[in-house]
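Asker: This is what each chain is made of:
Protein chains: 2
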Amino acid sequence: MENEFSSSLLENAVTALSRLPGVGRKTALRLALHILRRPENEAREIGQALIDLRENIRYCRVCHNISEEDVCPICSSPVRKLNVVCVVENVRDVMSIEATGQYDGVYHVLGGLVSPIDGIGPDLLEIESLVQRVASGTVDEVILALSATMEGDTTNYYIYRRLTAPGIAPEGLKITQLARGVSVGNELEYTDEVTLGRSLLNRTLFDESY
Amino acid sequence: MENEFSSSLLENAVTALSRLPGVGRKTALRLALHILRRPENEAREIGQALIDLRENIRYCRVCHNISEEDVCPICSSPVRKLNVVCVVENVRDVMSIEATGQYDGVYHVLGGLVSPIDGIGPDLLEIESLVQRVASGTVDEVILALSATMEGDTTNYYIYRRLTAPGIAPEGLKITQLARGVSVGNELEYTDEVTLGRSLLNRTLFDESY
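In order, the protein sequences belong to chains A and B.
Going left to right, the first sequence walks through residues 1 to 210 as the working numbering numbers them.
Going left to right, the second sequence walks through residues 1 to 210 as the working numbering numbers them.
Heads up, some of the hints might be wrong.
No copy labels: a pair is met if it fits in one copy or bridges any two.
What the hints assert, rightly or not - Okay, derived cross-link-like pairs now, DSBU-like style, lysine-lysine, Cα gap no bigger than 35 Å in a straight line:
| id | residue 1 | residue 2 |
| --- | --- | --- |
| 1 | LYS174 | LYS81 |
| 2 | LYS26 | LYS81 |
| 3 | LYS174 | LYS26 |
No wet-lab data here; the hints were simulated from the structure.
Throw the hints in and build the complete structure from the sequences for me.
Answerer: Encoded structure:
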């Protein structure tokens, strides 16, 4: 046989699928053979959905979340607080926070985290547009909602420094971050000591309504 | 937001991807967001490869393996024994057996196993074409290389009955099946008793060359 798969069509499909994260060649082959067993229109729908997604996707001009419109439904909502901006890494984080039902402000999607090791500097992220947004004077609070990782902390710190530089932030701008603490449902025994220490320092008044 | 994903393009891509086996909506979202971060031509290559695969795939007229030609390279090879036919469930099994480098006969790909529970009867598989192949008188040995499962055993039995019916098999046709035994590298302690029993009954002369 000329190649591993006896068909260059199969070879191409397996190679293409294995570019996806978490998909090795064995999984890619399983997916490709599945597609061969299904009706022709199903393969076309899957393939075309991927092409359309990448070619026609649009982002909100204000917050850089994925959007069908020039400005996304969150940024143009009359019931959201436009003066409270939650800074997140990516689109998935917007979904996660929306799913809590606890947030009524707007977002700013960075599109990643500062990571010198991966060659991702602040200029590759939507940080400049956040600075502009804050400098325009319409923002009263910036909530830094990034991962509790080294990259998240680096990015938090960089944004904090940029926003507190002279002449950027309006008088009284609040810069907050997500509370660090014991995860709800987690046993204390299995909480790491750094988190436990932070949760002690940042203890809150007991609230019987929870 | 009108839908979970704030974009129908993303919604469509996630729904399409989650039709693949082993891909839930969370994984589908991760794959879709990955595609958004990659260059546009990569999405097009992946999508088009899936469409091309399903639309243009061809199967060998003799053995039903995936093939670029009317007859596949194995069936048309001058060095393979055309009178020894290994019956397998699917294309992946052909690759597995080819990878052993231990087989120089040809194949017959059934396209599945008989499974009354899933509504898969013998008529949905390439069994009739196997019977024709054997009836033509060119086959001296049929190797049943199906899974050691209930479906595999049912299919083995059905094929055996069809091939041994009067007037089908040529004089002296051998019908064999894969040896059942202890997996190479497996400890005896963890081998199930049925397999162990079979491996005792079918014990072979010690061969120091292994």
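Asker: Check LYS174 against LYS26 for me: Cα-Cα at most 35 Å, and say if that holds within a copy, between copies, both or neither.
Answerer: between (51 Å within a copy, 34 Å between copies)
Asker: Indicate which option fits the pair LYS174, LYS81 if close means a Cα-Cα distance not exceeding 35 Å: within, between, both or neither.
Answerer: Within one copy, since 14 Å is at most 35 Å while 79 Å is not.
Asker: Are the CA atoms of LYS26 and LYS81 at most 35 Å apart within a copy, between copies, both, or neither?
Answerer: between (48 Å within a copy, 29 Å between copies)
Going down the numbered hints, you'll see the structure goes against none, and every one checks out.
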